[in-house]
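Protein chains: 2
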Amino acid sequence: MVLYLIGLGLGDESDITVRGLNAVQKCDLIFLEAYTSVLRVDKTKLEEFYGRPVQVADRNCVESEAELILQPAKNGLNVALLVVGDPVCATTHTDLMIRARAEGISVELIHNASIMGAVGACGLQLYNFGQTVSIPFFEDNWRPTSFYSKIKYNKDGGMHTLCLLDIKVKEPDYDAMIRGKTVYLPPRFMDVNTAAKQLLEAEEVHGESVCTKDCLAVGLARLGHKDQCIIAGTLEELVSQDFGKPLHSLIICGDTHDLEMEMLKQYMISNSRYKIQHLTEHESV
Amino acid sequence: MVLYLIGLGLGDESDITVRGLNAVQKCDLIFLEAYTSVLRVDKTKLEEFYGRPVQVADRNCVESEAELILQPAKNGLNVALLVVGDPVCATTHTDLMIRARAEGISVELIHNASIMGAVGACGLQLYNFGQTVSIPFFEDNWRPTSFYSKIKYNKDGGMHTLCLLDIKVKEPDYDAMIRGKTVYLPPRFMDVNTAAKQLLEAEEVHGESVCTKDCLAVGLARLGHKDQCIIAGTLEELVSQDFGKPLHSLIICGDTHDLEMEMLKQYMISNSRYKIQHLTEHESV
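Chain order of the listed sequences is U and F. Just so it is clear: in the first sequence, position 250 is 249 by numbering that gives the first Met the number 0, and no numbers are missing. Just so it is clear: in the second sequence, position 124 is 123 by numbering that gives the first Met the number 0, and no numbers are missing.
Next comes chain U alone, as it looks inside the complex (with noise of 0.2 angstroms):
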């Protein structure tokens, strides 16, 4: 039957579309991408929500096992997978249309929030922001530094750029394999600290002048959730800053206009350097 993909957005349940709510209850089969249960969206709470069970599949099932979730739809079941945010945002679920409509299954999508689109509420404007990149935790030897010359050609270009922060999910335990057994590591998610702290040290290793020590950043947490979190600021002061749980990410700014700065203002750190080396002549008003 049909195949949906549905976008939680970026919250808690009560954040899925009306049109997604009635999708959902009329799936026979509803699969929850695992990514999604470490976010913060209970499963049981889901299941109350919706008044229909839930299965968790984690992104290895979607990458490699989609037959789990093709098959039952070629057999003339709906079928449902929830994704945070939106479906179209990740790789993962374009393989996954692909090989649906190859085996004549129809898929219907329902878009949402993501954070690729709520970045905005920090103020800067969305059409302004270049390619968007990711940074890896780095390891005692492996330090890829390749996202610096992506945020350097959107800087040139005076477009801001969105770091979408490493999450580390399903890690074995190395030591415990050497043991013979398969331990998993607890989840790691990327700070804005640790973020800001590596893009530094990118700039000590490429010296182009791109995410220096004084250069705007934004740090968010949470975005979409009640406590979200965002703080402007130069991407040292960010270093030092509390930005609580995750999910976290970082904008490192490129040519602000004056409506962008009315807003970041809003939410820089009360003493920023920044501030204090180019705002303080427009703040007499």
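Note that these hints are calculated values from the structure, not bench results. Be careful, since some hints might not be right.
Which copy is meant is left open, so a pair is good if it fits within one copy or across any two.
To be verified - Taking lysine-lysine and the DSSO-like style, the derived pairs with C-alpha atoms no more than 27 angstroms apart in a straight line are:
id : residue 1 : residue 2
1  : Lys73     : Lys42
2  : Lys25     : Lys225
3  : Lys264    : Lys73
4  : Lys244    : Lys42
5  : Lys264    : Lys274
Use these hints to put chain F onto chain U, whose structure you have.
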């Protein structure tokens, strides 16, 4: 009390989130941004759906008579402003948020899907989009092509460009004005065909191989609606495709990855010159 800025998403009344619906239903005063009413969301339908009266506020009111919206909130009422898409996608609402906060009014943002996220439905990855451009209706003596250099910058960096197409609402009828009457022309929405033609004209003016006849482009219409239409092909081919009713937008592709192309192919004009020139050798599978 609280000013709620509530995104309605892209489709019909059922695309509001459950959180948004709950907020609307506890508001004393509900404004609907007028843009909305021309965008297939019917005021009467919304009123039925909410069980509450809705007032249409045209963009002029939101921009220059914001007090109509802010004053009641200052006087202790809960006020909602309903916006098609996501409230942080347009600068208008940034300005309203700043003014509200300056007057001590709490602002609550309720996000939803926006065109800038939903374009991912065509298979092009959102993280690979550069800055967004606006294509204005060319007039006899006013044919600005400042979008051209922005598309070029994106493309040189491998990025896709989303082109938002002009909407003319409440355009004064100058002929009638001369006769002393205030008459507005019917609303105009730029279609993909016109946009493609204008881009080709801009290419002729600048000649830097940015939006050539043969470049890969994607036309999108009524994204998020049941009858959405996505067609990929060369820019020249899109000039003569029928996309149906508004709202339209257009993407000029940058570098495409395999997975992106896999998905785009599903939307490609069957005998597209792009397919013949670039994809035939991969088609052997």
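Note to self: Taking the earlier hints as the rules, which of them does this structure contradict?
What the structure shows: As far as the earlier hints go, not one is violated by this structure.
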